[in-house]
Amino acid sequence: MITPMDDISSMGDENYVNILMNDIFKSNKYENENEIQNGKQNGKQNGKQNEIQNGKQNEIQNEIQDGKQNGKQNEIQNEIQNGKQNEKPNDNQNQKHHNENLTNNAKLNMNVHMNNTQSTKDEISNKRNIKRRPK
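Everything in the sequence shown is counted per full-length UniProt numbering, starting at 1 for the first residue and increasing by one.
Everything labelled a hint here was simulated from the structure, so no lab data went into it.
One or more of the hints may lead you astray.
What follows is a set of in silico ranges between Cβ atoms, one per label pair, in the way DEER data are often shown [as the list claims (entries may be wrong)]: (1) Q41 / Q81: 52 to 62 Å; (2) D13 / I52: 36 to 46 Å; (3) Q41 / M21: 45 to 55 Å; (4) N70 / N32: 26 to 36 Å; (5) N18 / G43: 35 to 45 Å; (6) G43 / Q69: 55 to 65 Å; (7) N70 / N105: 49 to 59 Å; (8) Q73 / H98: 32 to 42 Å; (9) E14 / G55: 33 to 43 Å; (10) I60 / I19: 35 to 45 Å; (11) D13 / Q37: 46 to 56 Å; (12) E63 / G43: 48 to 58 Å.
Backbone N, C-alpha and C fix where the C-beta goes; we use that ideal spot for every residue, glycine too.
Model the full assembly from the supplied sequences, consistent with the hints where possible.
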């Protein structure tokens, strides 16, 4: 059986150095390829992690933005609702005054009508009295 040492000893020094250099070159090349491959994988992983992180940040930012918009919409809605609630008593108060004014106007109109009627009766009575007086 031939051992590696026997094999090496049968070679000349130049061949031995060349074989070692080739082995080192192949080893370095393999290591470099592994490093490149690992770098690509790490790059992909880092890229994926960055995508995930950015996605989470965007989601959080969107949630915050949505919350602000919803909060603003709720604020506006509440202001509108509060405004409507505050207007209702005023509307009721205005309606009450309006009804009172109508009632007062009706009373005034009735008084005017009654006065006119009384005046007319008085005029008729006066005319009768004038006709009845002897000449």
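Hints, one by one, checked against the model:
Checked against the hint of 52 to 62 Å, the C-beta distance between Q41 and Q81 comes to roughly 58 Å, which is consistent with it. Between D13 and I52 the C-beta distance comes to about 57 Å, which lies outside the given range of 36 to 46 Å. Range check, Q41 to M21: about 30 Å between beta-carbon atoms, so the 45 to 55 Å window is missed. Our hint of 26 to 36 Å for N70 and N32 is violated, since their Cβ atoms are close to 55 Å apart.
Hint check: N18 to G43, Cβ distance near 36 Å, so the stated range 35 to 45 Å holds. Checking the proposed 55 to 65 Å range against G43 and Q69 shows it is violated: the Cβ atoms sit about 37 Å from each other. Between N70 and N105 the Cβ separation comes to about 50 Å, which falls inside the hinted range of 49 to 59 Å. Distance hint for Q73 and H98: a CB-CB separation of about 35 Å, consistent with the stated range 32 to 42 Å.
Distance hint for E14 and G55: a CB-CB separation of about 60 Å, inconsistent with the stated range 33 to 43 Å. I60 and I19 have their C-beta atoms about 60 Å apart, which leaves the hinted 35 to 45 Å range violated. Restraint check, D13 to Q37: a C-beta distance of roughly 36 Å breaks the suggested window 46 to 56 Å. The beta-carbon spacing between E63 and G43, approximately 30 Å, falls outside the hinted interval of 48 to 58 Å.
The earlier numbered hints that this structure contradicts are 2, 3, 4, 6, 9, 10, 11 and 12.
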